[in-house]
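Student: Residue strings, one per chain:
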Amino acid sequence: MNKVKLLFFATIRDRAGMKSLEIEIPETMTVQELKDKISTDYPNLKQSMESVLISVNKEYAFDEAVLPPNAEVALFPPVSGG
Amino acid sequence: MNKVKLLFFATIRDRAGMKSLEIEIPETMTVQELKDKISTDYPNLKQSMESVLISVNKEYAFDEAVLPPNAEVALFPPVSGG
Amino acid sequence: MASLPTIFSITESELDLNDLLAQITLPSTGAAAIFTGMVRGETLRHGSAQAPRDGPHETAYLEYEAYVPMAEAKMKQVADEIRAKWPSVEGIAIVQRIGKLYPRTPTVLIACTAAHRDTGVFEAARYGIDRLKEIVPIWKKEFGPNGEFWVEGEYIPKPGE
Amino acid sequence: MASLPTIFSITESELDLNDLLAQITLPSTGAAAIFTGMVRGETLRHGSAQAPRDGPHETAYLEYEAYVPMAEAKMKQVADEIRAKWPSVEGIAIVQRIGKLYPRTPTVLIACTAAHRDTGVFEAARYGIDRLKEIVPIWKKEFGPNGEFWVEGEYIPKPGE
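Protein chains in written order, with the numbering used here: chain B, 1 to 82; chain S, 1001 to 1082; chain F, 2001 to 2161; chain V, 3001 to 3161.
So here's chain B without its partners, still in its complex pose (with noise of 0.2 Å):
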């Protein structure tokens, strides 16, 4: 198994409810895979998921990308700073 930490923001921080979780995962695990178990634990999110950026140890990660264990994974909607 494998363990990374999520941290949700904006619009998905307020539909998770929560700022951050740590989970734990198969040790290769895609950024698509994590996705649809995110919207099959949190039901809330599902939709959310759809149109969700993600982040893999700051950096922008696609949905082909394995998680590297104890990645720090971030889902954010597009940003809108400025």
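Hints were generated in silico from the structure; no laboratory data involved.
Be careful, since some hints might not be right.
Derived DSSO-like pairs (lysine-lysine); straight-line CA-CA distance at most 30 Å [as the list claims (entries may be wrong)]: (1) 19/B / 46/B; (2) 5/B / 2085/F; (3) 35/B / 2133/F; (4) 2141/F / 58/B; (5) 1046/S / 1005/S; (6) 2085/F / 2133/F; (7) 1035/S / 3133/V.
Start from chain B and add chains S, F and V according to the hints.
Tutor: Frame of chain B; chains S, F and V shown alone:
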């Protein structure tokens, strides 16, 4: 006769050795005629008159313009602000 | 090149333009282009799907948040992109203020310095704010008479960004 | 339109970017493009006919002077030209500092505010500094290890300017 106040700036003030000067001129004198008069009366300024910029009452004025009574006439090189 | 000043930060403090400009001014720099964004109290822009708006409306305040360590890393990336595109640029500052910000308050600053104004400093500052709004993880929630809602962006970063 | 802030001045005081930006920020403005010029202490630019320069050289300080009432009138004209070309621009500030100014000191500021950044504010600020350097009667003398000389401009105003 008519009276005008001359103001000198930058290189032209340095060459004139003065900041301002009041002079009497004929009733209808053009900017070109004023430059000719200055070249004659102040040989130091003769060369400067070839590339001088002139304003009359704070607006750029050109050779054919006739000087109004009591005009404030400024003589200066191309500007270099910023 | 190693000594060229690059400032990137997320802050809760007031933006001090004088200080930020001084920090990216060198003996060799004669021109700075600075962009700042301010909170608008009245706006005509169209709303999001979440909160459709027809006409002008009022904003009481915005609340900004950021994923700070990633935001600062992405600001550094924007600065690196600017240096790659405009090698004449010498100093760069990219600062986003977060927290509760009221109308008329400066929220963000992008500044670039160079020897002269015709070196790309204007384009570089423009590029900087465009990129910040695309890839730097910051979000804002608007609070007004009609309630509160997240202002959502549109840009989807591509691999490598 | 009458209430849109327009600042134009010649001053011997330090330029306060924070204050100038605040003076041209309205509840409706969300973006500002600001240009500032600073005195360079080291420069590679070519010299004038008066003082030809080959390589880099040092500047101890610049001394600026202006024909103040005409300069302020011409700054107002530059602001009017900006408003004619970029009707979206709301606030405009054009300020030139004069006197003895040392390297790294901001000497001039042109700032334009508008609702958004894609309204021409960058182009308007760029236009403002270009026009200031063409038609506003200000001159500077450079002082350095090789003596002192006037920095001369090149632009010859046309009738109507």
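Student: Work down the list of hints and note, for each, if the structure agrees.
Tutor: These are the hints, each one checked on the structure:
no.: 1; hint: 19/B / 46/B; verdict: holds, 17 Å
no.: 2; hint: 5/B / 2085/F; verdict: violated, 36 Å
no.: 3; hint: 35/B / 2133/F; verdict: holds, 25 Å
no.: 4; hint: 2141/F / 58/B; verdict: holds, 22 Å
no.: 5; hint: 1046/S / 1005/S; verdict: holds, 19 Å
no.: 6; hint: 2085/F / 2133/F; verdict: holds, 18 Å
no.: 7; hint: 1035/S / 3133/V; verdict: holds, 25 Å
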